[in-house]
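S.K.: The chain contents come next:
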Amino acid sequence: MTNAAGRLVLVVDDEAPIREMERRILQQGGYRVVEAAGGLDAIAMLRAGLELDLLIADLDMPQLSGEDMVRRIHAERPNLKVLYVTANIDRLLNARSLVWEGEAFLDKPFTARGLLEAVSQLLTGSLPPASRRT
Amino acid sequence: LARTDFVAATDGRDGDVRGGRTHDPRAAAAAADLRDVEVHQMSETEPARESDLIHRLKNHLCIIVGFCDLLLADCPAGEQRHGDLLEVQKAARDAMEMMPAITERMR
Numbered sequence: 001m002t003n004a005a006g007r008l009v010l011v012v013d014d015e016a017p018i019r020e021m022e023r024r025i026l027q028q029g030g031y032r033v034v035e036a037a038g039g040l041d042a043i044a045m046l047r048a049g050l051e052l053d054l055l056i057a058d059l060d061m062p063q064l065s066g067e068d069m070v071r072r073i074h075a076e077r078p079n080l081k082v083l084y085v086t087a088n089i090d091r092l093l094n095a096r097s098l099v100w101e102g103e104a105f106l107d108k109p110f111t112a113r114g115l116l117e118a119v120s121q122l123l124t125g126s127l128p129p130a131s132r133r134t
Numbered sequence: 001l002a003r004t005d006f007v008a009a010t011d012g013r014d015g016d017v018r019g020g021r022t023h024d025p026r027a028a029a030a031a032a033d034l035r036d037v038e039v040h041q042m043s044e045t046e047p048a049r050e051s052d053l054i055h056r057l058k059n060h061l062c063i064i065v066g067f068c069d070l071l072l073a074d075c076p077a078g079e080q081r082h083g084d085l086l087e088v089q090k091a092a093r094d095a096m097e098m099m100p101a102i103t104e105r106m107r
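Heads up: the protein sequence lines correspond to chains A and B, in order. Under the numbering used here, the first residue of the first sequence carries the number 1, and numbering increases by one thereafter. Under the numbering used here, the first residue of the second sequence carries the number 1, and numbering increases by one thereafter.
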């Protein structure tokens with residue numbers, strides 16, 4: 001049994017191939033995964049009662065940015081953990097002086113192992129078993 | 001692993017700092033809902049900026065690396081296809097290593 005067992009992750013990204021890739025990587029890692037193509041869809045899913053362990057948010061989305069989406073979601077679910085994925089991590093970290101507890105950033109491009117490590121670190125504070133062996 | 005670029009969470013989420021952003025999270029969310037959705041999409045008539053090109057390149061590379069990793073996980077070692085995928089993976093990861101230098105030069 002891995003530390004991923006039973007955990008539900010919502011992947012929000014406007015680019016379908018990246019969403020699918022993240023879903024399949026996470027499923028290989030033992031997570032349950034649901035997807036949303038944008039921030040408004042994700043907010044609607046959560047307002048409909050979806051119970052999540054982790055939100056993975058693309059920062060640069062066309063309708064609603066990842067940060068704006070998370071700001072709205074955190075207003076109702078302040079303890080929901082968030083992993084931001086971004087191709088503009090330098091710009092982001094220049095604009096922000098703090099990384100809140102319960103959130104982390106993963107720079108694109110990332111490997112499958114990088115994604116699983118980031119998710120595991122955020123959810124459990126430890127690396128997944130496969131990473132610990134190597 | 002060549003690089004992960006995982007920025008670990010800190011313990012900065014205390015009430016004071018968070019309060020500086022939104023004193024009443026629910027009210028802030030309600031107000032945000034009333035605003036028009038922010039549109040970040042670049043006009044198709046505008047020339048692509050360097051940052052947009054880098055962004056798109058990173059997204060393409062992310063897809064190559066990620067799906068290559070997925071395929072390798074399903075491909076038995078020793079097969080010709082496995083070796084082929086390892087070559088793709090190596091090239092993709094080498095390209096990942098080049099991204100900081102490319103980004104710096106395009107600034």
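Derived from the structure by calculation, the hints contain no laboratory data. Take the hints with a grain of salt, since some may be wrong.
[As the list claims (entries may be wrong)] Covered by chain B, per the in silico footprint, the following chain A stretches (three or more residues, Cβ under 8 Å): (1) 16-28; (2) 49-57; (3) 100-110.
Think of the CB as a built atom: it goes at the ideal place given N, C-alpha and C, for glycine as much as any other residue.
S.K.: Can you take a look at whether the stretch 49-57 of chain A is actually covered by chain B? Rule is 3+ residues, C-beta closer than 8 Å.
M.R.: violated (count 0)
S.K.: At a Cβ distance under 8 Å, does chain B reach at least three residues of the stretch 16-28 of chain A?
M.R.: holds (count 7)
S.K.: How does the coverage statement for the stretch 100-110 of chain A fare against chain B, requiring three or more residues with Cβ below 8 Å from a Cβ of that chain?
M.R.: holds (count 11)
In summary, the one numbered hint that this structure violates is 2.
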